[in-house]
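Residue strings, one per chain:
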Amino acid sequence: MRIKTVQKPDLSVDIGRLKLKNPVMVASGTFGYGREFEDFMALNRLGAVIPKGISLNPMPGNPPPRIFETNGGMINSIGLQNPGLRVFIKEKLPYLKELKTDLIINFFGNTQKEYVRLAGALDGVAGISALEMNVSCPNVKCGGIVFGSDPRMTCRLVSAVRKSTGLPLIVKLSPNVTDITATARGAEDGGADAVSLVNTFRAMAINIYSRKPELGNVIGGLSGPAIKPIAVRMVWEVYRAIKIPVIGIGGIMNGEDAIEFILAGASAVQIGTANLINPGAALEVAEGIKKYLLQAKVNRIRDLIGGFEI
Amino acid sequence: MAIQTDGIVLNNRRIKPLYFLLEMDCPAIADETKPGQFVMLRTSNDGRPLLRRPFSVYRSYPAHHPEKRKRGHLLILYKMVGQGTRKMAAFKKGEKVNLIGPLGNGFTLPPLPSSARTILIGGGVGMASLSPLNEPLRSGQLSVFIGGKTKDDILCENDFGGGKGSNIFIATEDGSRGKKGTVVTLFLSEMKRFDKNEPYHVYVCGPDEMVKALSKGIKSGKWTIQASMEARMGCGFGACWGCVLKTTDPQTPYQRVCQAGPVFNLREIVWE
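First to last, the sequence lines map onto chains A and B.
For the first sequence, the residue numbers in the numbering used here are 1 to 310.
For the second sequence, the residue numbers in the numbering used here are 1 to 272.
Hints in this document: simulated from the structure, not taken from any laboratory.
From the three backbone atoms N, C-alpha and C, an ideal C-beta is built for every residue, glycine too.
Among the clues, some could well be false.
Claimed, not checked - Using 30 Å as the maximum straight-line C-alpha spacing, the simulated BS3-like pairs for lysine-lysine come out as follows: (1) K246(B) / K212(A); (2) K113(A) / K163(A); (3) K212(A) / K212(B); (4) K8(A) / K21(A); (5) K96(B) / K291(A); (6) K290(A) / K96(B); (7) K216(B) / K212(A); (8) K79(B) / K212(A); (9) K92(A) / K34(B); (10) K90(A) / K246(B); (11) K212(A) / K87(B); (12) K93(B) / K151(B); (13) K113(A) / K92(A); (14) K246(B) / K92(A); (15) K149(B) / K212(A); (16) K222(B) / K34(B).
Stated by the list, open to error - Listed next, with one range per pair, are the computed distances between beta-carbon atoms: (17) V218(A) / K79(B): 27 to 33 Å; (18) R117(A) / K96(B): 46 to 52 Å; (19) I15(B) / R117(A): 55 to 61 Å; (20) K79(B) / I219(A): 26 to 32 Å; (21) V218(A) / E67(B): 46 to 52 Å; (22) R152(A) / N265(B): 49 to 55 Å; (23) G181(B) / D150(A): 56 to 62 Å; (24) E209(B) / E309(A): 55 to 61 Å; (25) N98(B) / R156(A): 44 to 50 Å; (26) R86(A) / N98(B): 37 to 43 Å; (27) E67(B) / D39(A): 48 to 54 Å; (28) G191(A) / K79(B): 23 to 29 Å; (29) K97(A) / N45(B): 34 to 40 Å.
What the hints assert, rightly or not - Just a sample of chain B residues kept apart from chain A, beta carbon distances all over 12 Å, derived: (30) K70; (31) L109; (32) G175; (33) G236.
Hey, can you work out the whole structure from these sequences and the hints?
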């Protein structure tokens, strides 16, 4: 008689209507347009790919230097540089939509009208599984942070975008607010299918010898392991405040970090800064999750969501 | 194609008070690397520092290289400046070092075998990326300008020659070696030796201020001038748009140093 000893844990998760084969996605802005990673990893094994955010018109980005490393993290002020919707669809999308994983398009606008137009334009494009709207970039005035800082504005913007697309809609939240549960509720009330959090924390660094800022834009956004405990706390707060799924982001470097977010209430996670250091990081996180489930004798990752005990 | 792989440390020795030469066995990358390309090296696995660091490849010995004992070896000449390079200085023989490479475009060479007239201008550790040009270019006429703050920053002076004629010029800011002053001042004072109407190939690598001063001072005529640029990099393989440089490109002024470079046509760089 053969005794079944090896289990294959079920890593699939649901983000509202969106079904992912595993809970590990790559965060927008840290994964280029996907192709930059093809030498290093099997992109098809990712839970989802989220390419660099797009706007209606091209954006030149911020002046360099755009990156500064700090203890356990990095501050960036890229400034949402991107070639705009038209070039994205023509030059980047054909490669991305051939991938055998879900494709989530991150987008942002200067005005509500631009958000609505972008969402509408992307709605009709084959190969896109969901949209993630950025209302939280700390590096540009028009990156949506204005919308993302006020719960009522978030709600109004999300509900306008909601009407222009039938695709699952994820709202990416800023941590640079007094109460992140308020903006999360705004997104939920506006009709979002899920929220993702957190974007980077507004930060800066000064070179004490030149007495000048380390970044061309002076202020940037902090990411990496340094922000993880704050992000975990915010995920837990938001998980308790809303009914729609939460996607956890913030300094995840390995499977254990991802499990921590999932226990705090995240249905899925996004890997950001780690992609830059180790291009295969997201797949290693997925492997780490599997290993944890086997050791903990948990058959389904979804059984762990929000499963931490006080 | 770039790959991520481990190099095995063969040797890591101090060659000047602040400069080290790291020799690794890494055939996969050594086979593919051209002059001017770089690798992203993980100096530490404990997150201090967190990001990889970019290094020009100083030497690479592919599988068919005539020096059999060197085949598969990859060398990096680095300066100890911060947390990451201090950790590198402690690398021991046999240690594994994670690398991504080869990255970037590398230098464009004249048709080989070269009979071209070439000028190399390097400052400090910038010489590490110019040094591999000796091999393909030494059959022509080679003039090399090496600069540094002090005599302890003059690198690679013995790397050139073995060909037709090579001239080495040295400048230090404190006057402890060669001509006192910057390498750019020295080059500009010697520029009358080189005919602007002849198609010289000029290769430059050094700190931004050096390249900028050269760009302002040099009237290139028929010369093609390639500059290998330094930048803080997040990833090194095009994912983060962190390492950009302003160029004359009308569509996309901010180009990634790791993708469009690190070697740029000097005339396409916009200085701010």
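Checked hints:
Taking the CA atoms of K246(B) and K212(A), the gap is near 20 Å; set against the 30 Å cutoff, the hint holds. Distance check on the hinted pair: K113(A) and K163(A) sit about 12 Å apart at the alpha-carbon level, within 30 Å; holds. Simply put, K212(A) and K212(B) have alpha-carbon atoms about 20 Å apart, close enough for the 30 Å limit, and the pair holds. With a CA separation close to 13 Å, the supplied pair K8(A) and K21(A) stays within the 30 Å bound.
About 25 Å separates the Cα atoms of K96(B) and K291(A), which keeps this hinted pair within 30 Å; it holds. Proximity of K290(A) to K96(B) is assessed by CA-CA distance (about 27 Å); at most 30 Å being required, the pair is judged to hold. Of the pairs offered as hints, the one joining K216(B) and K212(A) holds, with about 24 Å between alpha carbons and a cut-off of 30 Å not exceeded. For the given pair, K79(B) sits about 24 Å from K212(A) by alpha-carbon distance, which is consistent with the 30 Å threshold.
Only pairs whose Cα atoms come within 30 Å are accepted, and K92(A) paired with K34(B) is accepted, the gap being roughly 28 Å. Between K90(A) and K246(B) the CA atoms are separated by roughly 25 Å; this keeps the pair inside 30 Å, and the hint holds. In summary, the hint linking K212(A) to K87(B) is supported, as the alpha carbons are separated by about 27 Å, within the 30 Å threshold. Note on K93(B) and K151(B): the hinted pairing holds, with a Cα-Cα distance of about 29 Å set against a maximum of 30 Å.
Between K113(A) and K92(A) the alpha-carbon distance is near 24 Å, which keeps this suggested pair within the 30 Å criterion. Proximity of K246(B) to K92(A) is assessed by CA-CA distance (about 23 Å); at most 30 Å being required, the pair is judged to hold. At most 30 Å may separate the alpha-carbon atoms for a hinted pair to count; K149(B) and K212(A) meet this at roughly 23 Å. For the suggested pair K222(B) and K34(B), the alpha carbons sit about 25 Å apart, so the restraint of at most 30 Å is met.
In this structure the supplied range 27 to 33 Å holds for V218(A) paired with K79(B), their Cβ-Cβ distance being about 28 Å. Our hint of 46 to 52 Å for R117(A) and K96(B) holds, since their Cβ atoms are close to 51 Å apart. A hinted range of 55 to 61 Å holds for the C-beta pair I15(B) and R117(A), which are about 59 Å apart. Between K79(B) and I219(A) the C-beta distance comes to about 30 Å, which sits within the given range of 26 to 32 Å.
In this structure the hint that V218(A) and E67(B) lie 46 to 52 Å apart at CB holds, the actual value being about 51 Å. In this structure the hint that R152(A) and N265(B) lie 49 to 55 Å apart at CB holds, the actual value being about 51 Å. Evaluation of the 56 to 62 Å hint for G181(B) and D150(A) yields a pass: the beta carbon distance comes to about 58 Å. Between E209(B) and E309(A) the beta carbon distance is about 58 Å. The supplied range of 55 to 61 Å therefore holds.
For N98(B) and R156(A), the hinted distance range of 44 to 50 Å is satisfied, since their beta carbons lie about 48 Å from each other. About 39 Å separates the C-beta atoms of R86(A) and N98(B), a value consistent with the hinted range of 37 to 43 Å. Here the CB-CB span from E67(B) to D39(A) is close to 29 Å, at odds with the stated 48 to 54 Å. Checked against the hint of 23 to 29 Å, the pair G191(A) and K79(B) fails, with Cβ atoms roughly 55 Å apart.
With their beta carbons about 36 Å apart, K97(A) and N45(B) fall inside the hinted range of 34 to 40 Å. Its beta-carbon lying about 26 Å from the closest one in chain A, K70(B) satisfies the requirement of being farther than 12 Å from that chain. For L109(B), the condition that its CB be more than 12 Å from all CB atoms of chain A holds, with the nearest at approximately 24 Å. The Cβ of G175(B) sits about 24 Å from the closest Cβ of chain A, beyond the 12 Å cut-off, so the non-interface label holds.
Residue-level check failed: G236(B) sits 8 Å from the nearest beta carbon of chain A, not beyond 12 Å.
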